[in-house]
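So the sequence lines, in the order shown, correspond to chains A and B. Going by numbering that gives the first Met the number 0, the letters in the first sequence line up with residues 0 to 244, in that order. Going by numbering that gives the first Met the number 0, the letters in the second sequence line up with residues 0 to 244, in that order.
Errors might be hidden in some of the hints.
Residues from chain B that face chain A, not an exhaustive set, calculated with beta carbons under 8 Å [stated by the list, open to error]:
1) Val-54
2) Val-56
3) Ser-59
4) Gly-70
5) Arg-75
6) Ala-84
7) Arg-85
8) Gly-86
9) Asp-90
10) Leu-91
11) Leu-104
Please keep in mind that the hints were generated in silico from the structure rather than gathered at the bench. Beta carbons are placed, not taken as given, at the ideal position from N, Cα and C, and that holds for glycine.
Here are the chains, one letter per residue:
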Amino acid sequence: MSARSVTATAARVLAQLRRDPRTIALVLLVPCLLLTLLKYLFDGQPETFNRIGVPLVGLFPLLQLFIVTSVTMLGERTSGTLERLMASPLGRLDLLVGYGAAFALLATLQATIVSTFALTVLGLDTSASALAVIALAVCNALLGMSLGLLASAFARTEFQAVQFMPAFILPQLLLCGLFVPRARMASALEILANALPATYAYDALDRLASDGGLGPRGTLDVGVVLAVTLLALVLGAATLRRTTA
Amino acid sequence: MTASTAIEVKNLRVRRGAREVLHGLSLSIAAGRVTGLLGPSGSGKTTLLRSIVGVQVVESGSVRVLGEPAGAPAVRGRVGYMTQARGLYDDLSTRENVSYFARILDAPAGRVGETLAAVQLEPLADQVVRTLSGGEQARASLATALVGHPAVLVLDEPTVGLDPQLRRHLWDTFHELAGAGAALLISSHVMDEAGYCDELLLMREGGILARGTPDELREAAHTPDLSEAFLRLTEQADQPQGSAA
Chain A
0 MSARSVTATA ARVLAQLRRD PRTIALVLLV PCLLLTLLKY LFDGQPETFN RIGVPLVGLF
60 PLLQLFIVTS VTMLGERTSG TLERLMASPL GRLDLLVGYG AAFALLATLQ ATIVSTFALT
120 VLGLDTSASA LAVIALAVCN ALLGMSLGLL ASAFARTEFQ AVQFMPAFIL PQLLLCGLFV
180 PRARMASALE ILANALPATY AYDALDRLAS DGGLGPRGTL DVGVVLAVTL LALVLGAATL
240 RRTTA
Chain B
0 MTASTAIEVK NLRVRRGARE VLHGLSLSIA AGRVTGLLGP SGSGKTTLLR SIVGVQVVES
60 GSVRVLGEPA GAPAVRGRVG YMTQARGLYD DLSTRENVSY FARILDAPAG RVGETLAAVQ
120 LEPLADQVVR TLSGGEQARA SLATALVGHP AVLVLDEPTV GLDPQLRRHL WDTFHELAGA
180 GAALLISSHV MDEAGYCDEL LLMREGGILA RGTPDELREA AHTPDLSEAF LRLTEQADQP
240 QGSAA
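Pulled out of the complex, with its shape left as it was, chain A reads as follows:
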């Protein structure tokens, strides 16, 4: 791996983001708006908002980075830039780590703004520290990124790439326990939920929100999230072939 290529790639991706202020604004502001909506949706039951507030702040980056990454990587594959990069000395890992660094920065910014907004403006009542929520949000952003990278290999058009979100991510969010406790689901769904990475991302955030810390179980959950991230990244790297048919 070359530090020069990694920083060059991260700087290039950030330059592309800077040229697209509308996307940045959407990534940063939409979660704030949705949280505001939820706060008043649960106006009569503030305990519900307090229960789901922290997990939501930590799960937004998973959702958004999945979409951003799958569309961006698809663009690299279809515009011919990926082919030129594969013909250049750039290592595949350099490309992925460069993307990861740039997107982690975006996720940090997003989680900082969203969690500050939720804790101060919306008065989210939690024992979790903002810093811990941000750290988990960044882990989840990296999970979303690596899943998005993998998904981009199976999309031929941007339309398809966008549709992968409701196909791959939405079911995970429905099943993770955020909306209905997993123990109250049909047992087949509970088993399925236990096989999906967003479940562990949710559990870690839920534990943080209720206990103020991760504890051994929460640490294990974060470990699962990081392991799945790494696995998806390795599989995604395998789909980024230097030679293609």
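Dock chain B against chain A, hints included.
Just chain B now, with coordinates in the frame of chain A:
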């Protein structure tokens, strides 16, 4: 392989899907010369170029560039590649695109400015690529291929869709690079560009139909017109053995 041979292809077979695109093709390309790869669309030009830059899955045969197997890490930094799709980040400026490739190739700091000057894009260098004309985008793409000071330049239809004046200017640039010792392999399906080349390879249906200098091909076909020469050489090849004039 002699010292002046930059590219050596032996018995190259490439299959794309069910179809064999290149049928055991052999050729060598000299350094210090502009070699034109001409042939109709679908004759396998792009597949051959992709094999030379090392991004094509090859069925059998060998491709060596500067004495190394095509696509080997040692040689990737010494080959400049311009794809037919321009292969630019169209949301970045030309300067940002060229700088990114310069950093991947570890080119010296002043090289970006020099390259922009060589393709006469300095005044437009900070404009976003998406807003450039087709000819300007072609020059921006060429700049990213040139910035690493490559010993081998592989250009896939670099002049397609450009006005005659710009085409002339680019061909002058190609000859300057060849004069400095680089090997240039340039594909085109426009026969009237053949006259600009030092050396010609005529491709047809996945094989090399004829090779030689423009004068040699004119002589072989008994016509001063290169387009006509290619038509006659194609007809000769189509005739059954023995009945050719």
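Hints and how they fare:
Hint on B/Val-54 holds. Least Cβ distance to chain A is approximately 5 Å, under the 8 Å limit. Interface restraint check: B/Val-56 against chain A, minimum CB-CB distance 5 Å, threshold 8 Å, status holds. Interface restraint check: B/Ser-59 against chain A, minimum CB-CB distance 14 Å, threshold 8 Å, status violated. Of the supplied interface hints, the one on B/Gly-70 holds, with its beta-carbon coming within about 7 Å of a beta-carbon of chain A, less than 8 Å.
A distance limit of 8 Å between C-beta atoms decides the matter here; for B/Arg-75 the minimum to chain A is near 5 Å, and the interface restraint holds. About 4 Å separates the beta-carbon of B/Ala-84 from the nearest beta-carbon of chain A, less than 8 Å, and the hint is met. Given hint, B/Arg-85 at the interface with chain A, holds; its Cβ is 7 Å from that chain's nearest Cβ, closer than 8 Å. At its closest, the beta carbon of B/Gly-86 sits 3 Å from a beta carbon of chain A; the interface hint therefore holds under the 8 Å criterion.
At a threshold of 8 Å, the smallest CB-CB gap from B/Asp-90 to chain A is about 5 Å, leaving the interface hint in force. Checking B/Leu-91 against chain A by beta carbon gives a least distance of about 6 Å; that is within 8 Å, so the hint holds. Nearest Cβ of chain A to the Cβ of B/Leu-104: about 7 Å, under the 8 Å cut. The hint holds.
Checked against the numbered hints listed earlier, the structure breaks hint 3 alone; every other hint is satisfied.
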